[in-house]
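Q: Here's the letter readout for the chains.
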Amino acid sequence: MAHLSSVSGKNVAHLSSVRRKNMAHEEGQQHPIKLYLVIWGWLFVLSTCSYLVDFFGIHGYLRWSLILLFMIVKAGLIVAIFMHMAWERLALMYAILVPPGAVLLFVAIMAFESDYTHVTRVLFFGTGEPSAQAATHEPQTSGSGTGIGTATTPPDQLMKEAKKHSLDVSKPEVASEGRNAARSGSASAPKESEKTAPASGNASGAATVHNDIAAAAKAPESKFYTLKPGDTLWKIAEAEYGPGHGGKYHLIFEANKALLSNPGKLSPGQVLRIPRLSG
Amino acid sequence: MTEPALTDTLEAPAHPGGWQGFAADWSSDQRAFKTATWGKAMIWIFLLSDTFIFSCFLLSYMTVRMSTTVPWPNPSKVFSLTIAGKETPLLLIAIMTFILISSSGTMAMAVNFGYRRDRATTTALMLATAAFGASFVGMQAFEWTKLILEGVRPWGNPWGAAQFGSCFFLITGFHGTHVTIGVIFLLIIARKVWRGDFESGRRGFFTSRKGRYEIVETMGLYWHFVDLVWVFIFALFYLW
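Just so you know, the sequences run in chain order H and Z. At position 208 of the first sequence (counting the first as 1) the number is 209 in our numbering, and the numbers step up by one without a gap. At position 165 of the second sequence (counting the first as 1) the number is 168 in our numbering, and the numbers step up by one without a gap.
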């Protein structure tokens, strides 16, 4: 840094000499090529520094202040020397450099606003943690079934859950056996039966799901996966289909579209169907 | 009586510097930019307006990133390249940064050689700048392809907050468009310099005005601005 200040000191001395020369020259900006090469070198050094901040994984306030410092010094060198702003009259300098200052005020306003939005979202939608997840669930009027420790899941709750996902479950006979929800009956298509399974798994309280719906056509069996905090579809795809197959996360998303509105929006405790890879 | 005053104004007027000069320039009821030509003043005002556009993009990126409750994808991981089995964070972005800085260096020297009326060197340096710019755009196309194949969309991605994709495509896409337009204009101006349009006073195709070597500096101002914007994108989007 001490080195940098000595260089900029030299530049200032150079600037004033050039300004004097400039008065005599009618034609444009005349500076020695060496000046541009020196600035070029410094831009390389500064870019390397800001890259190293990431490479060495510096975190917290040190990271942010270093990133901002290198950014501002680089921007200053480009504007002052490469864009010749240092040799312009103050009238032009202020006309161009002062208005972006208004952006800083805008940044402050929006930072305040987004902080408020974030707080509001955490308060009303939760952070995706299991405890917050329960709060976002539809309130159940039956009084039982929402708690973790409840013994039975009322059949009508499963029906409700199925209806919520607009699934066609014709004449289902739902029997509750402790915390296991068993379903029988005939679903109209194998696809529907696969959809109802994760849906009933998500009716709270059901830890395991026995799916003995007689599907009209035998579809390849699917696995089920209960989301843990920190899971992403990419990670699950990598784990289930093997490393390098994370790109197939969209298959999992497609298979669970009834539950997921967005591949980035997962809640711990949700049960996802993992479709078999065909071929 | 009025004679001395007249000759005084006919000579090149000496403009005072500093705050006094600033006040005099802006209050003179004449052109405010005494030494800058209209071309330079206009490109600076254009760049100022472009600054506001990019500022708004980066600001909306800040707003969505600060307000989302879903974790933001880690750019260091997202943009890493695996070379020979070793994962290097942000490697491609670092290379792109160095390329754009190098293109700014060659452009600055092209402006200098333009004012020296060294046509061959100016053309060569402008073509080098254009080549750097084109390779930058090529790498960006590679990066986009990689991310799209990994499932990043403007409405979602496999790693976290859905807004990541929309911010990424909007900001880098708009910047890439600027680089592309810059490359096209670099080639046009380089051809004019090479042909000697600014020596012979040949009239331009669009404005049918005679060009001067100042147009190389105007081009340079645009190009350095594109580099400048990348400095901010690199710091705020990729490193933050």
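Bear in mind the hints are in silico, worked out from the structure with no lab data behind them. All of these numbers come straight from a predicted model, not from anything done at the bench. Among the hints, a few may not be true.
No more than 20 Å apart at the CA atoms, straight line, and that leaves these computed lysine to any residue pairs for SDA-like [stated by the list, open to error]:
no., chain 1, residue 1, chain 2, residue 2
1, Z, K89, Z, L150
2, Z, K37, H, G42
3, H, K249, Z, W158
4, H, K249, Z, D121
5, H, K249, H, N263
6, H, K266, Z, R194
7, H, K258, H, G245
8, H, K236, Z, R194
9, Z, K89, H, L53
10, H, K229, H, A240
11, Z, K80, H, K35
12, Z, K43, H, M86
13, Z, K89, Z, N77
14, H, K236, Z, A165
15, Z, K43, Z, M65
16, H, K266, Z, W75
17, Z, K80, Z, P92
18, Z, K213, Z, R194
19, H, K249, Z, W147
20, Z, K80, H, F56
21, H, K35, Z, V155
22, Z, K80, Z, L150
23, H, K236, Z, D121
24, Z, K80, Z, K149
25, Z, K80, Z, R68
26, Z, K195, Z, A131
27, Z, K149, H, R64
28, H, K258, H, L228
29, H, K236, Z, A131
30, H, K258, Z, V155
31, H, K236, H, K266
32, Z, K149, H, K229
33, H, K258, H, E241
34, Z, K89, H, K266
35, Z, K195, Z, R122
36, Z, K195, Z, G179
37, H, K266, H, L228
38, H, K229, H, A76
Q: Compare the structure with each hint and give your call.
A: Hint check:
no.: 1; hint: Z:K89 / Z:L150; verdict: 19 Å, holds
no.: 2; hint: Z:K37 / H:G42; verdict: 33 Å, violated
no.: 3; hint: H:K249 / Z:W158; verdict: 17 Å, holds
no.: 4; hint: H:K249 / Z:D121; verdict: 57 Å, violated
no.: 5; hint: H:K249 / H:N263; verdict: 15 Å, holds
no.: 6; hint: H:K266 / Z:R194; verdict: 53 Å, violated
no.: 7; hint: H:K258 / H:G245; verdict: 23 Å, violated
no.: 8; hint: H:K236 / Z:R194; verdict: 52 Å, violated
no.: 9; hint: Z:K89 / H:L53; verdict: 17 Å, holds
no.: 10; hint: H:K229 / H:A240; verdict: 13 Å, holds
no.: 11; hint: Z:K80 / H:K35; verdict: 38 Å, violated
no.: 12; hint: Z:K43 / H:M86; verdict: 11 Å, holds
no.: 13; hint: Z:K89 / Z:N77; verdict: 18 Å, holds
no.: 14; hint: H:K236 / Z:A165; verdict: 16 Å, holds
no.: 15; hint: Z:K43 / Z:M65; verdict: 32 Å, violated
no.: 16; hint: H:K266 / Z:W75; verdict: 12 Å, holds
no.: 17; hint: Z:K80 / Z:P92; verdict: 6 Å, holds
no.: 18; hint: Z:K213 / Z:R194; verdict: 15 Å, holds
no.: 19; hint: H:K249 / Z:W147; verdict: 18 Å, holds
no.: 20; hint: Z:K80 / H:F56; verdict: 11 Å, holds
no.: 21; hint: H:K35 / Z:V155; verdict: 44 Å, violated
no.: 22; hint: Z:K80 / Z:L150; verdict: 12 Å, holds
no.: 23; hint: H:K236 / Z:D121; verdict: 58 Å, violated
no.: 24; hint: Z:K80 / Z:K149; verdict: 13 Å, holds
no.: 25; hint: Z:K80 / Z:R68; verdict: 17 Å, holds
no.: 26; hint: Z:K195 / Z:A131; verdict: 16 Å, holds
no.: 27; hint: Z:K149 / H:R64; verdict: 27 Å, violated
no.: 28; hint: H:K258 / H:L228; verdict: 15 Å, holds
no.: 29; hint: H:K236 / Z:A131; verdict: 43 Å, violated
no.: 30; hint: H:K258 / Z:V155; verdict: 17 Å, holds
no.: 31; hint: H:K236 / H:K266; verdict: 14 Å, holds
no.: 32; hint: Z:K149 / H:K229; verdict: 28 Å, violated
no.: 33; hint: H:K258 / H:E241; verdict: 18 Å, holds
no.: 34; hint: Z:K89 / H:K266; verdict: 30 Å, violated
no.: 35; hint: Z:K195 / Z:R122; verdict: 10 Å, holds
no.: 36; hint: Z:K195 / Z:G179; verdict: 25 Å, violated
no.: 37; hint: H:K266 / H:L228; verdict: 11 Å, holds
no.: 38; hint: H:K229 / H:A76; verdict: 44 Å, violated
Violation of the numbered hints given earlier is confined to hints 2, 4, 6, 7, 8, 11, 15, 21, 23, 27, 29, 32, 34, 36 and 38; the remaining hints are satisfied by the structure.
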